[in-house]
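Put together the whole structure using the sequences plus the hints.
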Amino acid sequence: MKMKADKIKFCYQDTAVFDELSLEIEKGKIISLVGPNGIGKSTLIKCLSNIYKADSGFVYLDGKNTLSIEAKELAKELSYVPQTQENNFSISVYESILLGRKPYFNWKVRKEDKMIVEKILQKLNLEKLAEREVNNLSGGEMQKVAIARSLAQNPSIFLLDEPTSNLDLNHQLEVMKIITELAKEKNAAVVMAIHDLNLAARFSDYIFLIAKKGKYISGKPKEVFTEKNMEETYGVKVEILESSNGLLIMPVELSN
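The sequence shown begins at 1 in full-length UniProt numbering and counts up one residue at a time.
Warning: the hint list may mix true and false statements.
Label pairs and their in silico Cβ distance ranges [to be verified]: (1) 11 <-> 241: 38 to 46 Å; (2) 241 <-> 180: 15 to 23 Å; (3) 220 <-> 36: 19 to 27 Å; (4) 20 <-> 237: 23 to 31 Å; (5) 99 <-> 223: 33 to 41 Å; (6) 95 <-> 255: 44 to 52 Å; (7) 102 <-> 180: 23 to 31 Å; (8) 1 <-> 99: 20 to 28 Å; (9) 250 <-> 58: 37 to 45 Å.
Distance condition first, Cα-Cα at most 25 Å in a straight line; then the derived BS3-like pairs of lysine-lysine [as the list claims (entries may be wrong)]: (10) 46 <-> 29; (11) 27 <-> 119; (12) 177 <-> 220; (13) 27 <-> 53; (14) 76 <-> 102.
FYI, nobody ran anything at the bench for these hints, they're computed from the structure. Note that the Cβ used here is the ideal one computed from N, Cα and C, for glycine as well.
This is the structure we're talking about:
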């Protein structure tokens, strides 16, 4: 399954958030969308997931316009995990993950659906939390449940909006390792908007930098995360170091 954004444009109150933006997404790869606050990373994720409709250009899934695909069928191929997990009603972790199976059943939950949820609970070490109410979870636990629910959809493409936002170091690393396993074990494509450049550099196959003035830079982490690109995009001078776990991007001082 291959996804392609072809010259899409999205406007907010007559102002273009991005324009002529093209992006190809390959299975088995992790792509990180990076850029300054308010540049359009989350908006792009929502355009790819059909939550927002682009003002021009189209998003294709295996050559088919996603706008022409029925929502239930699209949910079998795409899974969207928002930045903020809101739960206005009380359900258990088990029930929350089971909702990910909704594209596959109508009113009656099948034995197959229950088995899939049980395997996911085991895989993500959520078994002890299965009966707990989602509203009573910590931020890290809630994020794991959101990813578990998207995993229950069994999609070929995962779209994640700031999956490590507001998490401590332990949960950040845990979530990123889960995401890496999704790409490798399921041969799925993962696209995530992320602020932490060091996490993006370590865990991504490709980086898509949404810079200022309608400029887009894409490539492998070493190709995108350069001192020049970081200063031009963020207005900060940085040092790029190499470690056994990938690049380290260290802010040094504000640009003049």
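Structure-based check of each hint:
1. Between residue 11 and residue 241 the Cβ separation comes to about 39 Å, which falls inside the hinted range of 38 to 46 Å.
2. At about 22 Å, the CB distance of residue 241 to residue 180 agrees with the hint of 15 to 23 Å.
3. The hinted window of 19 to 27 Å between residue 220 and residue 36 holds, with their beta carbons roughly 21 Å apart.
4. For the pair residue 20 and residue 237, the supplied restraint of 23 to 31 Å holds, since their beta-carbon distance comes to about 29 Å.
5. Between residue 99 and residue 223 the CB atoms are about 39 Å apart, so this pair conforms to the stated range of 33 to 41 Å.
6. A hinted range of 44 to 52 Å holds for the C-beta pair residue 95 and residue 255, which are about 50 Å apart.
7. For the pair residue 102 and residue 180, the supplied restraint of 23 to 31 Å holds, since their beta-carbon distance comes to about 26 Å.
8. In this structure the hint that residue 1 and residue 99 lie 20 to 28 Å apart at CB holds, the actual value being about 22 Å.
9. Between residue 250 and residue 58 the beta carbons are some 40 Å apart, a value that agrees with the proposed interval 37 to 45 Å.
10. A C-alpha spacing of about 19 Å is found between residue 46 and residue 29, which places the hinted pair at or below 25 Å, so the restraint holds.
11. Distance hint between residue 27 and residue 119 is fulfilled; the C-alpha atoms sit about 23 Å from each other, no more than 25 Å.
12. Restraint check: the Cα-Cα separation between residue 177 and residue 220 comes to about 19 Å, which is no more than 25 Å; the hinted pair holds.
13. For the given pair, residue 27 sits about 23 Å from residue 53 by alpha-carbon distance, which is consistent with the 25 Å threshold.
14. With a C-alpha separation of about 9 Å, the suggested pair residue 76 and residue 102 falls inside the 25 Å cut-off, and the hint holds.
In summary, this structure violates none of the numbered hints.
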